[in-house]
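Chemist: Protein chains in written order, with my numbering: chain G, 1 to 428; chain H, 1 to 428; chain D, 1 to 428.
Mixed in with the good hints, there may be bad ones.
If chains are identical, the list can't say which one is meant, so a pair holds when it fits in one copy or spans any two.
[Stated by the list, open to error] Capping the alpha-carbon separation at 35 Å, the derived lysine-lysine pairs in DSBU-like fashion look like this:
no., residue 1, residue 2
1, 293, 313
2, 293, 382
3, 4, 119
4, 382, 128
Hint data in this document are derived by calculation from the structure and do not stem from the laboratory.
All values derive from a computational prediction rather than experimental measurement.
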Amino acid sequence: MLRKEQNDFVTQTGPGTPMGNLFRSYWIPALMAEELPEADCPPVRVKLLSERLLAFRDSEGKLGLIDEFCAHRGVSLWFGRTEEGGIRCPYHGWKYDVSGQCVDVPSEPAENGFSQRIKLNSYPLIEKGGVLWTYMGDPARQPPLPEYEFASVPLSQSFISKRFQECNWLQAMEGGIDSAHVAWLHRADINEDPLVSGAPGNKYNTSDLQPVFEVAESPGGLYIGVRRNAEDDRYYWRVTPWVMPCFTGVPPRGDHPIHGHFWIPIDDHQCWAWSYDFHPQRDLTDRERQLMKDGNGIHVTYVPGTYIPASNKSNNYRIDREAQRSNRTMSGIWGVGFQDAALQESMGPICDRTKENLAGTDNGIIMARHRLMKAAKALAEKGVTPPGVDPAHHRVRQATFFLKRDESFAEKVMDTMPHELGAPLITV
Amino acid sequence: MLRKEQNDFVTQTGPGTPMGNLFRSYWIPALMAEELPEADCPPVRVKLLSERLLAFRDSEGKLGLIDEFCAHRGVSLWFGRTEEGGIRCPYHGWKYDVSGQCVDVPSEPAENGFSQRIKLNSYPLIEKGGVLWTYMGDPARQPPLPEYEFASVPLSQSFISKRFQECNWLQAMEGGIDSAHVAWLHRADINEDPLVSGAPGNKYNTSDLQPVFEVAESPGGLYIGVRRNAEDDRYYWRVTPWVMPCFTGVPPRGDHPIHGHFWIPIDDHQCWAWSYDFHPQRDLTDRERQLMKDGNGIHVTYVPGTYIPASNKSNNYRIDREAQRSNRTMSGIWGVGFQDAALQESMGPICDRTKENLAGTDNGIIMARHRLMKAAKALAEKGVTPPGVDPAHHRVRQATFFLKRDESFAEKVMDTMPHELGAPLITV
Amino acid sequence: MLRKEQNDFVTQTGPGTPMGNLFRSYWIPALMAEELPEADCPPVRVKLLSERLLAFRDSEGKLGLIDEFCAHRGVSLWFGRTEEGGIRCPYHGWKYDVSGQCVDVPSEPAENGFSQRIKLNSYPLIEKGGVLWTYMGDPARQPPLPEYEFASVPLSQSFISKRFQECNWLQAMEGGIDSAHVAWLHRADINEDPLVSGAPGNKYNTSDLQPVFEVAESPGGLYIGVRRNAEDDRYYWRVTPWVMPCFTGVPPRGDHPIHGHFWIPIDDHQCWAWSYDFHPQRDLTDRERQLMKDGNGIHVTYVPGTYIPASNKSNNYRIDREAQRSNRTMSGIWGVGFQDAALQESMGPICDRTKENLAGTDNGIIMARHRLMKAAKALAEKGVTPPGVDPAHHRVRQATFFLKRDESFAEKVMDTMPHELGAPLITV
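Chain G extracted, bound-state conformation (with noise of 0.2 Å):
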């Protein structure tokens, strides 16, 4: 449970506010490199952090990312055109290029410097594994670019998505390191969809249904280890890891590809849930991809042209309630990440957590609250450099493996989670 003002304080991350500055510390996904595929095509507006902003392409295929607003009279530069170097405002043709630095104003002669003293607020934007980072902060700490493992593989071995989601992020990311609901909402998935089942571990999650929580502070945030009885006098541990600020594993299953999520602030209200799939070893197959595309393991489809999911809180999520009735999904809803959706949204816009009663399992989420609200003040009074920005602390990967139950979690997961590029699956 929070007081007001803690909930307050962990879920607003507008310019100014201590969360805020939080993220703005990070490179945070801001657009799926598809939205700008190519030289001089359509920009797009992108609101982060309560932010307006307009991201796109310049002739030479540089990225930009800029105030959405003409520094002029305001209009939005998404009616602009993509020229020569720069996107130029139809109205009175003022252009500027990927930095936000206007560079023509057609009414003023050129040597009078008056398009020199224009500059939009403007932020990097980088393209790396199939997704384009910024970093909306101070320009003299921008950390080094990120080292997630998902966005260092080939692209041939990753498959990355994301969905619109109406309530805020945090309680979205909550549900991302809840290991615990698997067995519930998700029972009847993960043995059913073709991208989860079949593992031998999946037993586990359903025959155990008290798992005990265990966590260990990580450099850059935790690992979220859960245990399950097992055979032999043994535990079957699922470790999730946490990266400040928002980024998570999903604990492998089998030899399935490995998955995860991360949720970025749109504003207090809206978030997007990015969810990615890789294998540190093989390509994907067609058929793994085609999946993934036709929605099945953690990814959804769409609304036509958008990012919506095509369940979503405008239809109920297409609730099944004969499918529910008759025990095949405990919530009536189809899919994994319309079933998240749907019932991290029902929250409402931003969880009342002043409400809540947290129970042993919910142990990963109330370290990760404690984690950001710690960190957010230590740079706030102190300047701290928060944890996860360091890129040594993305190299973290997600495992299941079986442990003897006197064997130590700790001293397990701080040799197995760090991990090289490209290393074997620790998987069961």
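Chain G is fixed; fit chains H and D onto it per the hints.
Modeler: Relative to the frame of chain G, chains H and D by itself:
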């Protein structure tokens, strides 16, 4: 005319408001019985008096009305699965019985008593007369069940419907206790609608357009009498009983089934307008029942799959200007229920009573407001049980009759209006 | 750039605001004459300057503009029936004449004078030139009728349209007095649109992209002159007359009909953008009229049954990125009216002028704001009648002409712009 603070006082019914506490002194209709038809049927989201609740039937058919949101992390239990004596949250399997008591937290060992300490707020929900009633007040003050005649006769003798209305409950109720508007807004209908036309008394409604209101206090509310001139030195009297906080009966017309309304706040900007028809001495005929289903009389037709009237704000109530021009309807809107909804909603979400100009025919409204405010204050300041809580107050009946011009209305209604269940209609 | 409090001052026009009082000093367009075509036609809801009003014609064809809501209990008189010299509320039959005077309260005896004491707020509504005009200010200060030429010529010589716009009136008007954007936003249109193309002067708009603004005060507002280089040591001048508070004329192009706009606040977030075309000396041809109906020139096509532009915010103004890429249009939007609406609306409901960076070509805008604020203050503080109230101020005409480079613009416009009704075009 009310002052701003009076208008706020009498229209706001959320938790902690004086009028909200008044409403919480009564059994009020929460759902149609048809909305929860059988054991383990899908649950229904219900917002009442600005509280978001969930209604469901468990596997034994028992009715529950509990907080909509799981006590754990706040997801909506509307996605829950009803199973074996309760509803189970699909997120982590927490299960609640109809009293809101948590009876299972699967991740916790049963012996640690965790689930026993978790209880959602809940209210009793009972079926009577085709309606599911709830009492949202202090359990120590819970009154006996309501004894309104429409809900006490066999179901074969009654027909009940509800419709969603986009305005505060009070302006809707004020329309309902206002017999004067019948001669204008519903003028065509009293001559043409098969469920109200043909009564000998109807002619006086349109022949005397200066009705005189006489209002008597009843134990539970008011008897609102309206007299119009009739032949032979007589008055034709129509008497609307109003029982606090919001129950009325439309004066009868010949041998037609009798009908009336009650209005239940959803929140301060929306309400449910309920409509009932019944005959105290006989079953409704198949034809009568079909006419009601088809939106005749005071009932309406719906947007399919909802309780939203088919004529509504979004389609300008399907106004028919040609029918209005040719004087077939005063308002251009077809149907008594649609007419009432259109005009009441047109006042805005909450009618601004600081601007009104009341006339003699508004005496019933003036006295009803007065009783409501007085009772809410007496409850707040001295804990006085308000009128209308005692079921004896419910046993009143709408009536139409003749009196000689020198006969006393007050004496007549005190004798006439209280009634025995199944007594003959008092009608002209 | 304006300070926050200046931006609020100049954009807010509700009752009691200084700019609202300024607007209430003038006759302003309220409806198209076609909206109230004949006696006893359906009434029309009209929101102007944040006031909700009802316009109607009585059975004699007289025009009324009164409060939308019945003085009795507040229902919308839009549901009223126009009959015998007034409009009758369908709720209880209260009837009002075009002055807002209540002339019948059927439930009250005529002799008690009840209805005489009831009067709705009302404003005069008069038809002139295809437009219904109102004056919403102090009756004691009501000025003579407007004498704008577009509304003074025979209807056969004019074509008038309006469109709904989702933004504050001021940013729309600022677009209209800004001749500089024509060469960019409307570049393709001045060469292709049959209602503006072909004029000898058009070439200067695109050959000289550094127009110089010279602005002269006129008795009623401004003469906003824009000069561009032409041959033979001459300037090509385009002069936009602006008459307070919101009337403009687009400088003429050859012998095409001349056109212009006025923008009327609905509330602070919405306005009506009016567009007129007329020729001072001849009837419009059938072809010209048809082209205007089809959305050419400054007119638009509509969502059927409304005055909402067919290209609008909900459909991203049907942006055509391929046409933009191939440079057929700067903005990707087709049609001058749609282009203006798109960009003006993209600034948000109220443009944030604290962030703007004005250039030399914004001199007309700067001076217009200055005159508006100065006049609103003089009215508020000293009761000074603002410029543009005197109909003599309306008799100005847009113009295009050549001057030798050393000839005085100010002298020329003082001679040229005032005009007699039906005088020849001043055009190149």
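Chemist: Run every hint past the structure and note whether it holds.
Modeler: A quick look at each hint next to the structure:
1. For the homomeric pair residue 293 and residue 313, the shortest alpha-carbon distances inside one copy (21 Å) and between copies (30 Å) are both at most 35 Å.
2. Taking identical chains as interchangeable, the C-alpha atoms of residue 293 and residue 382 are never at most 35 Å apart, the minima being 45 Å within one chain and 66 Å between chains.
3. Taking the shortest alpha-carbon separations for residue 4 and residue 119, only the inter-copy value of 21 Å comes in at or below 35 Å, while the best intra-copy value is 39 Å.
4. For the homomeric pair residue 382 and residue 128, the shortest alpha-carbon distance inside one copy (31 Å) is at most 35 Å, but the shortest distance between copies (65 Å) is not.
The structure shown violates just one earlier hint, number 2.
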